[in-house]
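Student: All chains should be built: construct the whole structure from the sequences, respecting the hints.
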Amino acid sequence: MTDGMITLFLSAALFAIGSIGVAIRRNPLIMFMCIELMLNSANLALATFSRYYARIPETLPDSIELVASKDLGSASDGSIFVFLVMTIAAAEAVVGLAIIIAIFRTRKQVDADELAELKG
Amino acid sequence: MDFIWLVLALPLLGSLLCSTHYRALGKAATGMLASLAILGAFGAAAATWFRVHAAGSYTSQLATWLHIPGVSGVDVAALADPLSATMLCTVTGVAFLIHCFSMGYMSDEEDYGRFFASLNLFVATMVLLVMANNLALLLVGWGGVGYASYSLIGFYRQKPSAVSAARKAFLINVVGDVAMMFAIFIIGSRVGSLEFTSFLGPASLDRMSGETILAAGVCLMIAAYAKSAQLPLHTWLPDAMEGPTPVSALIHAATMVTAGVYLMVRCAPLFGHGPEGADLMVIMARLGAITALVAALCAVAQNDLKRILAYSTMSQLGYMFMAAGVGAYGAAIFHLVSHAFFKALLFLTAGVVIHALHGEQDIRKMGGLGKKMPGVQLAFLIGALALAGIPPLVGFWSKEAILLGTFQDGNMERQLLWGVGILTALLTAYYTGRAYVLTFWAPARHESELHLPGSSMTWPLAVLSMASVAAGLAGHELVSEVQSLATHLPVAETHETFGALQITAILAGLIGLGVAYSSHKTGRASLVPDSAVPVLLGCESIDSLSKGAAGSFRSFADMVAVKVDPVISQQAPDLIQRSLYGTSSLLCQLQGGSLRLYAVAVLASSTLLALFVYGLFSLSIGAGQ
Amino acid sequence: MITAAKCVVAVLALASAFGVAFSRQAVHSALFLTCNLLCVAVLYLLMSLHFLGAAQLLVYAGAIMVVFLFAVTVLAPEDEMLGKWNDSYKLTGIAVAALLGACLMVVNSRASLADLAAPEQGSLKQFATDLFGKFVFPFEGTAFVLLVALIGVVLLGHRRLRDLDRGGPSRD
Amino acid sequence: MTLEALGFFVGVVIKAVLFSVALLTGFAYMTYGERRIVARMQWRVGPNKVGPWGLLQPAADGIKLLFKEQLQPKEAKTFLFVLAPMISLVVALSAYAVIPIDKDPVNLFGYSIEPWVSNPSIAVLYLLGISSLGVYGIILGGWASNNKYALLGAIRSSAQVISYELALGTALVSPLLMVGSLSFRDVVNQQLDHSYLTGDGGWLILAQPVAFFLYWTAAVAEVNRAPFDLPEAEQELGAGYHTEYSGMKFAMFFMAEYVNMFTVSSVATTVFLGGPGGLPVDESQGLLFRLLAHGPHWFLLKVYFFMFVFIWLRATFPRFRYDQLMRIGWQFLLPLGLINLGVTAVGVAMQWKSYQFTLAVASMLVTLIALSMLNRKPEQPDHH
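Protein chains in written order, with our numbering: chain A, 1 to 120; chain B, 1001 to 1625; chain C, 2001 to 2172; chain D, 3001 to 3384.
One or more hints might be untrue.
Said to hold, decoys possible - In the DSS-like style, the derived pairs of lysine-lysine whose C-alpha atoms are separated by at most 27 Å in a straight line are:
(1) D/Lys3049 <-> D/Lys3068
(2) D/Lys3015 <-> C/Lys2006
(3) D/Lys3074 <-> D/Lys3148
(4) B/Lys1365 <-> B/Lys1521
(5) B/Lys1159 <-> B/Lys1521
(6) C/Lys2125 <-> D/Lys3353
By construction, these hints were calculated from the structure, which means they are not laboratory data.
Tutor: If you want it as structure tokens, here you go:
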């Protein structure tokens, strides 16, 4: 197992754990944290690929033209996307928390299963 | 020094300041500011005129405007040549006097700032129109003049008639704008340049096919006819009298209606090229003559002072188009300039009269003003004599130039045109004289106290009177300059003789005036029997024609609204609602409301997607290997 | 050496991730998540992605998680019982998540990674040049999203919208 | 593991320990110094009984705190209750790792010893990131105490710290933009280049006075010192988030606060006052000149000057109200910092010299003051 594989597998595992958390928890705060976990794991995968995968087009067959096109970008591209995802995650977390707090204000106790007023 | 852009910039700046700061400035300062802006523009125009005459024509490029593949010359650039320099001087000079007049005339109005802002804008757009060196920039001024006239004709916006008159003027002008755009499209696509000096050059004219010249020329003519109120697009002009009198003066004298003549002279090489161009010119001359005659007949039947003047403008414009049609471009522009002076004088004098009579415009209710306002009477008299073509006033020289240019030995058509011109001159002298006599000499038919004008209203009249007398001096030079510019030919020095033609014209004018004096000095309202009035007003029937067309559209719309619409409006929403409801109740099944269900659904679908992509990937790798 | 460190940190990260998903108390979840984020930051540093490590520290651990902790301590949600496992959502969810995880694992295992040269110290300049050059539009877009989020949160945070009309929250 | 790596590792550990010990000792004597100085300012004597001039007072305090009974509320969350002060202290200490106390490595006994624990290229980001973790100690401490006042103090404090972190970061960006690097060493080296009039050197406080003012204000708030010591407002909240703490756990919060003071003073020194830089003399002319030119003693002198300013502020200023505090942070410091940043960015793009930055920032300040005076509304009578 190479160096990069560790973080790649870790990223996959974190994603799976995060998705389990989203699926089984009823506290919206914790669901939200699990979503952050998933975002973070995606970031980890991006970072890993940008660090270990940046300039090796010859490992791919020519038939996949999209991937194998000449411009695979520079090593910092992945990092930049991680950075942008972090920023978006910050915005998302703040808005999400504001919504959850607004819900808490009106309901005192929140169970995700009971927030079903928008059902069709 | 290149002053030409100042001619545009100063009125624009004045307009901006007047519209934004008039509250801070107060009435007096606003009017002063607007007038000063125009005065500055006039100074710059004069400087440009001198430069053109000292150093020849030039083009001043300010900016590149549009990059259209295949079309060049769409720039913000000014063309300074004798034609545009003369026009600029006329426009700004007359406009300055009218501005000064307005300061007194409009002093009782509330919307002082709006008025002067619009007035300045009007001048600015006209200046832009005149100085543009290409058709596209000219169109900007063309449309701008239409807008500014709209806002000025409808200045009394609480008056329904003013508003509808403004709308009418705007709509008819837009017909011209659209025609202009078509002309631009045709010329741009066929020639590849919109610059006057380029597409009117002999080389590119030779490249144009006859059809192109015909189409472009017809479009340009429609545009000019709409702007210059020629038959059959003339109906807006008499109605435009709803605006304040200074505005009428501006529209009729310096800006707006002269634009059409200017365009025809500017594009003269196009009309002078080939058999198609000649055909167009014949049409132009005939239509011009007809307009001149018909408008003069209309004027005879009018009783409203301003409307008489309005129809006379139409008639004189007809003269100008006739001149352009027979190739006497210099005479056309000369008449334009001289007409600017005396028509401005007439309108402003009419404004003083109307002002003095508290808004009364009917000449049947005037009279006896000569004794009370001798100065005004003199001014009106000078204007009237100039319009009637009595020497030595400027109107005589310019009208003579046109009639001389029209008459041609041995050419029946030209002689006929000349005859129409003489007839029109006779009628012109008559109705002008009638208006003058009824207003100033006939016994008074009003009791109210006169509202005498202040000095700010009178000194522009003095200046214009002077100009109406003296402008004839410059006529010869102007005619030959413009003529050579328009036809690209040097004008042969002709020795004008004081022959039978001139004498006929003067006689026509004198007869007209004499008839007017003898029949109206007692206060008799009209020579025309009432039954003949509708005949004379025939040209106004076009209005009712268009009204009829509009009425049929309206009744069709009424029919739709009553018969068709209810059916659709009741059935269609029902149908839409039912189908939407059905769809949504289907989709509602998907909305369980449980957050976790959604989460799981998202997860499951992304898993499926991942599997799909993975499968695709393996397949293609397998295929690749 | 670095591989070993990575393994240790990865195990820590995994453990704390389980902690996030299965803690009863929300506070513990938040702390575990912080721990997890710090582990990821360390992983970034171990991959020589220094800037990312610092940004992770600053943005996630320093800002986002503080806000989370804030929310958790202020709202003080009751402990959640994880007892009922007969819930069909739960079972489906776990199954689907496991499938997804397995899928990712398999896909990842096929990725051929090569240890490229670690970015040198000056890579921060390259990063900044790319961020403000090649990726300036995504960057500006992100800035816009942040602005929108900011405005949204201010609106959500006011108890009543008419507070805003009075020029801010009441100060009494 | 190679021997060289091991040596490096050991060196780092030794330096870290040394720094920690130095900071904690510094903390101890800062408490003593603070009590003496504040006492003098208040026309009192201060602690002077234990040892000569009371110099052993910190030791006595330490021993007392160590053996005090460890109280803990009944419903407190034990684990977090214990963890919180540790987080505070560890975070405070680890922030110091990137601060250089001299310009170059010194040769000592044949070893080249770097006068810093670590010098990453992103030192400033590291410092900001680590110090932003200090909030955890506060929130967790307040929450785990299971005491309403402690929780309120914690919320106030963390809100304050988060708010002022923004102003702090913004204030730091302008000088760093001038330097063009996030490494403290580069910052120091640029300032040691005494070319204020001819180049881009010189102490950054000269080129960025507004940034310095903003930084210092935000830093005082960031470490919860007077006049921004709202969380500890005794009249309102007991002792703030550490109301329930006693003994050594309380001492750790206390230590963290003072170490944070050291840290922000050191950053102020490094970024604005030229760090270890001294007089503009030619250091190649011998040891004396070298000591005059730069060295850790200069660094210490400046840091202690800032520490004195902390004490001075505390003795002089009354405490702000909470709404005033928030308003200052969001409506004054942050916008001013952003404007300053804009001016600096323009300057950097136009490659100004240092003194030109001073002029530009000064004229910006004058403009802003003039604008605010022009826009001031006339006094309106109160309607109650």
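Student: Hints broken by the structure, by number, lowest first?
Tutor: 5
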